[in-house]
Amino acid sequence: MSYDTRAGFPVHWNDFGVGPEPALMLHPALAHSGAWTRVAGGLADRVRAIAPDMPGHGLSGDWDQRSDYYDQMTGIATSFLEPGTHVIGHSFGAMVALRLALENPGMRSLTLIEPVLFAAAKERVRPVFDAYVKKCRPFANALAVGDRDTAARLFSALWGDGRGWEDLTQRQKESQIKRISIIAETNKTLNEDAAGLLSAGRLESLDMPVLLIRGSQSQPIMQDIHEALAERIPNARQVVVQGAGHMVPITHPIEVAAEIKAMIG
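Numbering (the working numbering), first residue to last: 5 to 269.
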């Protein structure tokens with residue numbers, strides 16, 4: 005593990021693998037770089053991967069709201085890029101990965117695992133987006149009034165690994181409660197595409213192989229997000245991991261690693 009200042013922020017990261025090609029692995033919100041351990045193990049002979057902790061996560065510095073969270077994390081991730089990098093992102097990490105691909109030509113491949121670009125579904129099937137917003141309203145209301153305990157519990161039910169809140173360890177609960185307010189800072193990025201990822205011609209400009217992985221048991225909106233992206237990205241391939249939910253890299257790391265390995269060769 006390593007620690008340094010990246011894009012002006014104190015960042016910790018883990019190194020995985022001994023393969024010949026560089027990779028960058030970006031974890032979801034409320035997780036940490038260690039979430040990639042088993043997927044990275046399946047790729048260890050093909051890539052040497054860097055997995056940074058997002059601001060306010062893992063061993064990186066506490067988030068101090070110094071800037072837009074998405075911009076800050078994009079700057080941090082960009083600092084790790086080198087020519088020919090395979091970029092792999094999950095959930096909010098996939099949002100960062102997609103932006104990296106759009107802003108940094110020359111990436112070798114892009115893997116997007118359940119990217120939470122809800123704005124893509126809003127453009128494609130508005131009723132699905134509206135149903136998702138309605139489903140999330142209790143979580144949003146709890147967060148708005150500062151009830152972090154309830155907000156974390158509800159968020160875990162929506163986007164967790166399938167375990168009930170009562171099945172998590174006290175440490176896991178406390179970790180999610182501590183970081184849950186960061187979710188509110190990403191709303192404009194995810195729901196309104198504030199960064200313009202969906203602007204005309206942008207997705208169509210991607211020229212690297214793109215792998216879209218989702219779980220069959222994830223939130224219904226994920227299918228529409230993936231379909232919307234696949235319709236516009238020229239070299240996109242979709243994979244659905246049966247029996248998996250949103251946390252598919254953690255619950256089904258063997259399957260996820262195998263699909264990535266098949267793409268990168």
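Everything labelled a hint here was simulated from the structure, so no lab data went into it.
Just so you know, not all the hints are guaranteed correct.
Straight-line Cα separation of at most 30 Å, DSS-like style, residue types lysine-lysine; simulated pairs [unchecked claim]: (1) K139 <-> K182; (2) K182 <-> K138; (3) K192 <-> K182; (4) K177 <-> K192; (5) K138 <-> K177; (6) K265 <-> K192; (7) K192 <-> K138; (8) K139 <-> K177.
Computed Cβ-Cβ distance ranges for the label pairs, DEER-style [as the list claims (entries may be wrong)]: (9) V244 <-> R167: 20 to 28 Å; (10) S220 <-> N145: 24 to 32 Å; (11) T41 <-> R141: 16 to 24 Å; (12) Y7 <-> G205: 19 to 27 Å; (13) P87 <-> R141: 39 to 47 Å; (14) R175 <-> G110: 15 to 23 Å.
Even glycine gets a Cβ: it sits at the ideal position worked out from N, Cα and C.
What hint numbers does the structure not satisfy? 6, 11, 12 and 14
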